[in-house]
Amino acid sequence: MAKIMVVEDEAAIADLILVNLRLVGYTGISVDRGNEVMNSIELHKPDLIILDVMLPGKDGFSLMREIEPLQIPVIFLTAKEELNDKITGLKLGADDYIVKPFAIIELLTRIETVLKRYKVDGNTFVLDNLEVNLDAHTVLIDNQPIELTTKEFMLLEILIRNKNIALSREKLLELVWGYDYMGETRTVDVHIQRLRKKLGLDDKIKTVFKMGYRLEVPR
Amino acid sequence: MKFWQKAYICIIVIFLIGFDITVFLLINKSYSLSMQEKYSTAENERHVIQASLQSRISGASALYREINAKNLKMYIAPYGDYYANQNIYMELYYGDDIVYSDFPYTMGARPELDIGQGEKSTIAREVDGALYYFVTGYLEEPYSNIKFVYIKNVQDLADYKAQMIRHAVIIGVVISILLSILLLFLLLRLTRPIRKLNQITEEIAGGNYQKRAQINGKDEIGEFAGNFNAMADSVQAHIQKLSDVTEERQRFIDNLAHEMSTPITAIMGFGEFLKYANYTPEEGVKAIDYIIHQSERMKSMAHKLMDLARLNNTEIAPQTIDLRDMLAYVESTLEQNIKGKHVQVEKDLQVFLIVGDKDLIESLLLNIMENALRALPDGGKIEVKTRREGDGFILSIADNGTGIAQGDIPKVFEPFYRADKSRSRAYGGAGLGLSLCKQICDLHYARMEISSQPDIGTTIAIKFSKFTILPQLRDDSEITKPYDNSASS
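From first to last, the protein sequence lines are chains A and B. Mapping to full-length UniProt numbering: the first sequence position 122 is 122, numbers consecutive. Mapping to full-length UniProt numbering: the second sequence position 231 is 231, numbers consecutive.
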């Protein structure tokens, strides 16, 4: 999985991002001072950088100018009142920005999108005898192909991408079927049942009481 | 219609009326004077002719003893011939019969002849397009039945009057034209400052508050411009003040929002993490610790904000304070930090009994000490001193910590300012302490000064007035009211 550098001077925010990154399997490195960033990049060679704008030592925009030639994707982290700066940030070559306070799922989704664009991850997910190729949309158990419907595969992909995080039925409905889907959350339950049965994931796709479903993977 | 146009029309109209009336009166007067003179000349002439004629008739009548129409005509004819080329004509009546007339034009009614015995008439009237002056009268006794009529052509006077009027009209027109040109020039020049002022008013109304009228002069417009500028100054000052206040408030809100965003993000994020994540027990403890710590941070920020808001409209409750006790209390509050960093606190209090609001002074000391502690490295030193100066005293708190860059010193009293962002955040500061201290000093009519050098340290000196010293210890102890208005200056 990808290696992600978090540049943030607030320890609380940096740790928050790091624990969540580790949860879904990324490797996280954190840097808290602007003037240490370039050295750290050279040392760790991250696949993606999450960059705060207000930093001691050197601010995010000046850093962006230095990072840009290295072709490493950057997501800016800004406070709301700096939102006007987002134009500046994107013009400088950042791939996306996210405004504090943010929901963690939102941050993970953006990271995933940017990484997909850069084709950083080798998009295969392996769990015991199950192997899922997220690019080719193939699912193998003991090297035997398993047929999944489109919706079933999308559901599986979202669970894999957000592994170890519980997703509510509403969230899953929104992500797989779209905002305008008029169906009930029971649809989600039905598809989860089928996935569990077809892939033998009864004990991996957990029902989290009052919250939804979570794909639990050893860390 | 513009003011100068109104003035122009008014002046021109008044001038023309005045000019015309004057000229009319002058011409009339001149005409009547000339007429009188002419008539009295004519009267004299007639008198001479009539007297001469009378003596001639009486001389002749002594010879002939008889008077008839024929010899009367003979007597008068030489006069008639003589005066005819002077435009003077005459007639002679014997009783009601005409004896002689050399007047060349036919006349209609003859009102001048209608006189009683011994009477005389003078009439000027027009005959055949010309003005004539008629004087009619009887000869003296014994020829009182002979009537003599003297006729003089006075048309030249009427011609003269007409000519005068023509002249007056021409002069009037020429002068009016000259006057209007001059007047136009003068009025435009006189009203130029008004137009200029008007233009400046428009510019100011359009938002260019720096604009001022450049009009000198001691007349009303000059005065007006001066007053106008004074008004613009005060309006600009007010607007500046308002916009400063608004800007400060906006900055405060922006800063507040920025300060809140970190704890809110952390609390929300770790809350979400605890709710949805498949976390390890260690991660769970860490998340809960962060939530508690960040909530405390928000609580302290909220308290300081409330303090600030409260101080904005509060009156202090003065009481006697022993600084030695208070410092000991503050030190005990900060004991953990002081011991943890091995900080040495030195005290040298020449003045220690003061008058002030106990809670506020305590908060003041606590905040300054906290700031000093944050700036200090391990094993640093804080010096707290008081000494008399003038009739008041100075409280100074000095540390040998990181210090503040010269350019940042004016900003330190602004809410949410922090000398070193990341460092003091890590120690939980909200950046509100010094603005709080400043308010407390203001309430005690004290002045807070800050001097600092990077890597050498920071000294905060607070100059209290004499009213903060306990009255018994003051030189002028008869003043017992510690906080009257005179202390504020």
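Simulated from the structure, these hints should not be mistaken for laboratory data. Please note that the accuracy of each hint is not assured.
To be verified - For lysine-lysine, the following DSSO-like pairs were computed, each having C-alpha atoms within a straight-line distance of at most 27 Å:
hint	chain 1	residue 1	chain 2	residue 2
1	A	LYS119	A	LYS91
2	A	LYS210	B	LYS286
3	A	LYS198	A	LYS171
4	B	LYS275	A	LYS206
5	B	LYS304	B	LYS241
6	A	LYS163	B	LYS286
Predicted model only: the values in this text are computed from it and were never measured.
To see whether the hints hold, each was checked on the structure:
1. A:LYS119 x A:LYS91: holds (22 Å)
2. A:LYS210 x B:LYS286: holds (24 Å)
3. A:LYS198 x A:LYS171: holds (23 Å)
4. B:LYS275 x A:LYS206: Holds, because 14 Å separates the two Cα atoms, which is no more than 27 Å.
5. B:LYS304 x B:LYS241: holds (26 Å)
6. A:LYS163 x B:LYS286: holds (20 Å)
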